[in-house]
Structures are given as structure tokens and as C-alpha cells.
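Chemist: So the sequences go chain by chain: C and G. Per our numbering, the first sequence starts with residue 1, numbered consecutively. Per our numbering, the second sequence starts with residue 1, numbered consecutively.
None of these hints come from the bench; they were simulated from the model. Just to be clear, a hint being listed does not mean it is correct.
Stated by the list, open to error - Some chain G residues near chain C, calculated using beta-carbon distances under 7 Å: (1) Ala12; (2) Leu15; (3) Gly18; (4) Val20; (5) Ile22; (6) Arg25; (7) Gly27; (8) Leu41; (9) Thr63; (10) Tyr88; (11) Val89; (12) Lys111; (13) Gly115; (14) Val117.
Owing to the predicted nature of the structure, the values given are computational and were not obtained by experimental measurement. Note that CB positions come from ideal geometry on N, CA and C, so glycine has one too.
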Amino acid sequence: MSGTPDAWAALRAQPWRYLGSRWPWGALAYLLTTVPVGLVTLVVLGLTLFVGAVTLVVVVGIVVLATIPVLAGLLGVVERARLRLVQRAAPSGMTLADRLRAGRRLAVSWPEVGYAFLVAVVLWPLDALLLVLAVSFPVVMLLAPWLATVGRMEVMGWQVDPGTEAWAASAVGLVLLVAAAYLVGVAAVAQAALARLLLDPREADLARAVVDLRRSRVDLVDAFETERRRIERDLHDGVQQQLVALTMTLGHAELDVPEGPGLTLVRRAHRQAEQALDDLRGTVRGIHPRVLADHGLAAAVHEIADRSTVPVDVDIRLEERLPVPVEAAAYFVVSEALTNVARHAHARRTEVHAWRQADRVVLTVVDDGVGGAHLDGAGSGLRGLAIRLDALGGELRVSSPSGGPTEVRMECPCAG
Amino acid sequence: MRRLRIVLAEDAALLREGLVGILERAGHEVVAAVGDADALLAYVAKERPDAVVTDIRMPPTHTDEGLRAAARIRSEHPGIAIMVLSAYVAEAYVPELIDSAAGGGIGYLLKDRVGHVREFLDSLDRVASGETVIDPQVVRQLLGRRRDDGPLASLTEREREVLGLMAEGRTNGSIAEVLVVSEAAVRKHVGNIFAKLRLDSDSDRRVSAVLAYLRG
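Turn these sequences into a full structure, and let the hints guide you.
Modeler: Structure below.
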């Protein structure tokens, strides 16, 4: 049994393993069952159309013809079930019970009606032809050594004699059979795609929506990061500059104000201004630190490592700057992880490593603390970062057995 | 205090005015106060000041214009003392600054330090008289990332601490105060550091030790 979700994935991902999987058999069964289903559809649709057309003059025909969408709907149920032969998960259509319960309230699905006619008129004859050619011909060739002894055997003007010639024919048959397995697979996949498209237009819409959502999520993270940088810039160029200027002025005043209560007040004001500056800097750091924007991950991580109460070894091997959202995510992973280490881990030391692996960046924060941390830990900002990384196509994992060590590991694509 | 002729470069007008006020209050002469590196270089060439005080981040790219200007000033006019101011600790700058230290004094301070006017002016004086002054916070950050394989590996924890304080430009007396030990004890540590780093007694061993330290 193959682990692939459908015949197409099996064909595309590992063409050689496709042969040994269930999918060639599924594809064969799919095409084989199309023939009777198509025949029945042809007969039923043909009769309905005929009866409808004949009785149209007495109005009853309208009612008869109106059953066609219902019949097409029933065929849809059968066809969705049949799709399981070439894909693991059945498409989420209405079940027969749903359909009967909905009755006439159900809107006519013209693609479904179209599909019914397609099956009745085009698909089953095509499949029948294909099966005859793709299966019977190689099988006959394969059985040549036996057939040639039973009677006279001739394939496309080639009189096959028993013996060596028959065995050669058999070998050719084997090769043809393998080719047929692929041919049947491709045909079944194509037909199933057509069925899905017409029976479940919603699924195609959903697939498109997922692609759009993914893109918009990445855009959102990007926009988020751009906005944070803008806020940081505003704070840095605005309030922060003014506070630095204020501390300068107060420092200047300390030189000029004579000793006394006035000077005490100036000194206090100076301390308060510095405190405000410190607080502001802490805030800015949480938004998007300037050193990160200017100098990249390594410099910014060294800065947080310096403030950490637990000794931190930093080894960041990234020659080029990372894309802005990835860089920011990596920085905040380190920041958050180090905060957690300081708070909960009782660690003696911590190591931060980052390196590039093909087109991905890998970053780890490892401590020798008590362990027991997890992504959803109380007050952990790691959960939010995991979501952010998910949007970037990356992931965040925490491995922290009780007793330690704890490893926070981030991986993220960083091409471009 | 020596009266210095200074060219100042700082792109934020508010801070530029503040700095001018402080420098003039101390009796220095600010011959030019400019907002970008090109103007800085032009005025330095024209005025030949005793010292330059410059911000690192300035237009147009807001990265390290001030630092590159400082390097040029150092190579073209080695006698001019240079004090660079940074909004944050960026270690990447420190080796570049130290390696350009042949010539007049070099200073690297965080902008916050300027608010402590007396200390700032004192640092500026020391840089003007040829010393190297590195912001304590920068030093601490460098201390935090010492690796175990450098020439400093043989130092004890206490000796490293003493060396770190030396890098901040402290005297033995001041180190003794910080560590709450006798000055004699500090002298002993300093002697051990010189011995372990095998510093030549002809050179300024104190400066060499600090440089070895900062280079890692």
C-alpha cells in the first residue's frame, strides 16, 4: 500500500514505485467501472429524454425532463464514491441521503448534468477502447507461448510461431503491460480531475482560496513587520531623540544650577528622564530593535545575550542578511527563548546557534536547565511566534524533557 | 581642561543643538556643527580641528556614515582626536575603531552617556589627549562573548573582571573601589594579567592589555 494520497501524486513523486502501489489497480478499476456506469447512464438518460420529448405535447414531458438534473445528481453520488479508487480521501459532496432530503429545493447543477451526458456519450466508449487496447493487447502478447501452442496466432500480420518467437512476443507483452499501467493511470487521473471539476466546482474554488489565503497571510506578516519598523522609526527619530536631548539639557543644567534644592530637583528630573528613555528603549526593543534593522541578526542577538542574566554563547553563521520577516521572527524567537530561560529554566548556560541549511535557516536556543517547557507554556510568546513562522512556511519546535535540556528550534525557508 | 576646536556631526537637529550647548558650556569652540558625513569631511579639511565628535548613523543611508568618515579623517589627519557616538551597542564597530587607533585618541560612547555631561566632557578630554575610551556597556557586551580559546583563556575570573574595568579606562584606585579590594590587590592582578598576556614592558602595557582584551 502506497503512502501517497492519490494516484497522481504517486505517478508524479515516485514513478517507479507507482507500479508496486495500489494505484494502477485503482486506476484500472476506475476505468473499468466507468463502462457499466456510462452504459446505464446512457440508457436512463436516453429513455428519459425520449419519453420527455414524446410527452412534451401533453405537458407531462416537462416534469419528465425535469428529472434529468435529479438523475445527474444521483450519478454524481456514485461518481464521487468511485473517485475513491484513484484518491484516498473522498471528495466532500452531498450524500445520497442529503440529496433526497433536499429534494426539489436543490438548485440545478448544470456542470453535473453536463458531466452525466459526458459519461453517457463520450467517457465510457473512450475508456472501453482504451482498456481493450491497453490491457487485452499486452495480455495476449504475454500469453503468446501458450496461445501459439493452442492455435494459430497472428498479431498485426505477424505470424507468431511457438518457441523463441512466442517468448519474444511475451517479453514485448510484459513491456507493453508496464506501459499500459502508466497509460491507465494517467487516463484515470485525467478523468477523475474532470469529474472533480464538474461535480465539485467548490473544491476547485477552495483550492484557489487556500492559495490566496496563504499568500495573503505572508503579505500580512510582511505588512505587520513593515508597520513595526515604521513605528520603531517614529519612536526612535521622535520621542527617543527628544528624550536624549532632554537628558542633555538637564545634564547641562546640572552644571549651571548652584548647589541647593534647585539642583536636587534638576538631578531628579535628569534621573526621571533617563528612566523614561530606558523604558522607551525597552519598548522599542520589543517592537523592532534598531540594531536588528541596521546590522542584522547576529548583532541584535549579541545585544540581548548581553542583557541576559544567564551566560549565553552566541554562534551565528549567516553570511547574508535574512529576509526582513524571517530575521525579525528569528530575533524574537531568541528574545522569547532567553526570557523563558531566565524566568523558568534555572539554567547555568545557554547557547544560541544559527546557520543556513540549503535554502533554509535553522536557529536553535539550547539551555542546560530543568526542562519541562512547552510551546503553550503560561505567558509564552512562543505560540504567537509559531503562528508567525507557519505563515512564512517555517516551523518552531520545543523539545524539553523534564530534567532538561531544553531546545527551541526554528526552521524557516529564507530564499530570496 | 584644554580648550578644543571641535567639528560636530549629528543629523538630529535637537541633539546637535544640545551637544553644541554642552561643548560650548565647557569652553570648547564648535567651529562647525553639521548634519552629514560629507559636510563633516569638508569642514575637517578646512578647519583642521583638534577633535571631531560624530554620530555613527547619518544620512543618506543611516548606517555607518559617521564611522567611515572617522576612518577617513584618521587616515588623512591622524592627529585629530575622534569621538564617535552611537545610539546602541554595535560591536561590529569596535575592532574597526581600535584598529584605526594609531594616531590621536579614539572614543566610542553611547549617546545616552552625553546626558552625564561631566563624564562625557571628561571622556572627550581623555580622547583629545590621545587615550582610547570605550563605553562601559560596549566593553561589558564584549566581555560577555569572550570565547574560551583566545589569549585571555589563562586569566582567572577576577583578572578578567579587572581587565574589563581597565578597558573602561579606570585607574587601579578606581578599580579597587569598584571591586571593594585594596589597591595593592588590584596591582597584583594587573601584574598577573601583564605576565599572562606576555606584554612587552617597553610598550604601554595597560593599553596593550586592553586592546588584546577588546580584540578577543
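Chemist: Under 7 Å is the threshold here; is the Cβ of Ile22 (chain G) close enough to any Cβ of chain C for the hint to stand?
Modeler: Holds - the Cβ of Ile22 (chain G) comes within 7 Å of chain C, reaching about 5 Å at its closest.
Chemist: Given a cut of 7 Å on the nearest C-beta pair, is the interface hint for Gly27 (chain G) held or broken against chain C?
Modeler: violated (11 Å)
Chemist: Can you verify the interface hint for Val89 (chain G): is its Cβ closer than 7 Å to any Cβ in chain C?
Modeler: holds (6 Å)
Chemist: With chain C as the partner, please determine if Val117 (chain G) meets the hint condition of a C-beta pair closer than 7 Å.
Modeler: holds (4 Å)
Chemist: Closer than 7 Å between Cβ atoms is the bar; does Leu15 (chain G) clear it against chain C? Give me holds or violated.
Modeler: holds (5 Å)
Chemist: Does Leu41 (chain G) meet its interface restraint, that is, does its C-beta lie within less than 7 Å of any C-beta in chain C?
Modeler: violated (22 Å)
Chemist: Taking the closest Cβ pair, is Gly18 (chain G) under 7 Å from chain C?
Modeler: holds (4 Å)
Chemist: Close enough to count: is the Cβ of Lys111 (chain G) nearer than 7 Å to one in chain C?
Modeler: Since the shortest Cβ distance to chain C is 6 Å, the answer is holds.
Chemist: Is the interface hint for Tyr88 (chain G) satisfied, with its Cβ closer than 7 Å to some Cβ of chain C?
Modeler: holds (5 Å)
Chemist: For the hint on Ala12 (chain G), does the least C-beta distance to chain C fall short of 7 Å?
Modeler: Check passed: Cβ of Ala12 (chain G) comes within 5 Å of chain C, closer than 7 Å.
Chemist: Holds or violated: is there a CB of chain C closer than 7 Å to the CB of Thr63 (chain G)?
Modeler: holds (6 Å)
Chemist: Against chain C, run the beta carbon of Arg25 (chain G) and see if the smallest gap drops under 7 Å.
Modeler: Nearest chain C Cβ about 6 Å off; hint holds.
In terms of the numbered hints stated before, the structure departs from hints 4, 7, 8, listed from lowest to highest.
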